[in-house]
Amino acid sequence: MDSTTGFVEHHVAHHFDSAEHEFDAAKLGMWAFLIQEVLFFGGLFVAYFIFRFLYPAMFVDAHHHLSWQLGALNTLFLITSSFTMVMAVRSAQVSEQRNMLRYLVCTFLLAGAFLVVKYIEYSAKIHHGFLPPHFFHGQGTFDTMPIFFGLYFAMTGLHGLHVLGGMAAMIWLIRRGRRGEFHADYFTPVEMVGLYWHLVDLIWIFLFPLLYLVG
Amino acid sequence: MMSDMHKHFVVPAHYYVKTFVALLVLTVVTVLVAQFNFGKWNIVIAMAVALIKACLVGAIFMGLKWDKKINVAFFVMSFAFLAIFLTFSLLDVSSRAQADPLESGTFNLKSPVRHPQNK
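Going line by line, the protein sequences match chains C and Z. Residue numbering for the first sequence follows my numbering, beginning at 1 and increasing consecutively. Residue numbering for the second sequence follows my numbering, beginning at 1001 and increasing consecutively.
Hints are not guaranteed to be accurate.
[Unchecked claim] Taking lysine-lysine and the DSBU-like style, the derived pairs with C-alpha atoms no more than 35 Å apart in a straight line are:
#1 K1065(Z) <-> K1018(Z)
#2 K1069(Z) <-> K27(C)
#3 K125(C) <-> K1068(Z)
#4 K27(C) <-> K125(C)
#5 K1069(Z) <-> K1018(Z)
#6 K1018(Z) <-> K118(C)
#7 K125(C) <-> K1065(Z)
#8 K1068(Z) <-> K1040(Z)
#9 K1069(Z) <-> K125(C)
#10 K1065(Z) <-> K118(C)
#11 K27(C) <-> K1040(Z)
#12 K1018(Z) <-> K1068(Z)
#13 K1040(Z) <-> K1018(Z)
#14 K27(C) <-> K1065(Z)
Hints listed in this document are in silico derivations from the structure and should not be mistaken for laboratory results.
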């Protein structure tokens, strides 16, 4: 890339044959990380299904204390953010820097909106004492209800931390993108953060029906 | 530097727009279906719709449709192993104490996992 376009030229690290080689290595590494993420969350999903199998009536009763409307709103935020993220990656691939930055900012704001809704939900749960075992002091029909809220906070909490991590990565991308580091010749970081972000969305796609719509 | 990154395939934007619309429609379907009671089928329907959504995100947004087959194989395998983990865990929990009633005891463990009959 020459200086007239305002883009920063990317130098392939010396231990790679070519830019393609470098990109493929990064991508394989990213997939390995995402596989780890699937198994990381997997343990919680298995715990969910075991307890759901043991206490089906309690799960149906407990999930009525969650607002499916807020859950659906958050699903909308995350799906839209996944779309804006993929468009940011595409903009980087075709060297449209302004569009890429716009889409990244949109993704960041949608992620922020997701966490605001999560904050509202958590406040209500904490206020009513619907907390994990040991902290639980809510009013419920079943004495096993703290198990549901333990799972709820563990699963959505871990997912929320991933959203927060994604937002940090987004700031990193915006800062580098403003310097003109991403273009058709080099967009590896944008694509990798994109993959991570879609996985965060993918996990929520399963969390939403399991926690909010089990009835 | 004209690198070989130019060979990278750029997915036409209409794929992303259509996937986005499909995901929104399927979210509405999930919510609507949840308003009716299909008994034991509730979770099956919910999981089936979630699985379709997950496949759309994986294939189009994550680009697995155009990615190297080795990456696709890796990602699919992670879910396959998760399925093995889930299946055997549920088989264990659901069949406890069927061979010998002793198995249903918790033996002073603080684990809340026990056979439903001994609640």
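To see whether the hints hold, each was checked on the structure:
1. K1065(Z) <-> K1018(Z): holds (15 Å)
2. K1069(Z) <-> K27(C): Measuring from Cα to Cα gives roughly 12 Å; hence the hint holds.
3. K125(C) <-> K1068(Z): violated (44 Å)
4. K27(C) <-> K125(C): Violated. K27(C) to K125(C) sits at ~39 Å, over the 35 Å cutoff.
5. K1069(Z) <-> K1018(Z): holds (24 Å)
6. K1018(Z) <-> K118(C): holds (28 Å)
7. K125(C) <-> K1065(Z): violated (41 Å)
8. K1068(Z) <-> K1040(Z): Violated: K1068(Z) and K1040(Z) sit about 39 Å apart, past 35 Å.
9. K1069(Z) <-> K125(C): Violated, at about 44 Å.
10. K1065(Z) <-> K118(C): holds (32 Å)
11. K27(C) <-> K1040(Z): Violated: K27(C) and K1040(Z) sit about 40 Å apart, past 35 Å.
12. K1018(Z) <-> K1068(Z): holds (23 Å)
13. K1040(Z) <-> K1018(Z): Status holds; Cα separation ~32 Å.
14. K27(C) <-> K1065(Z): holds (15 Å)
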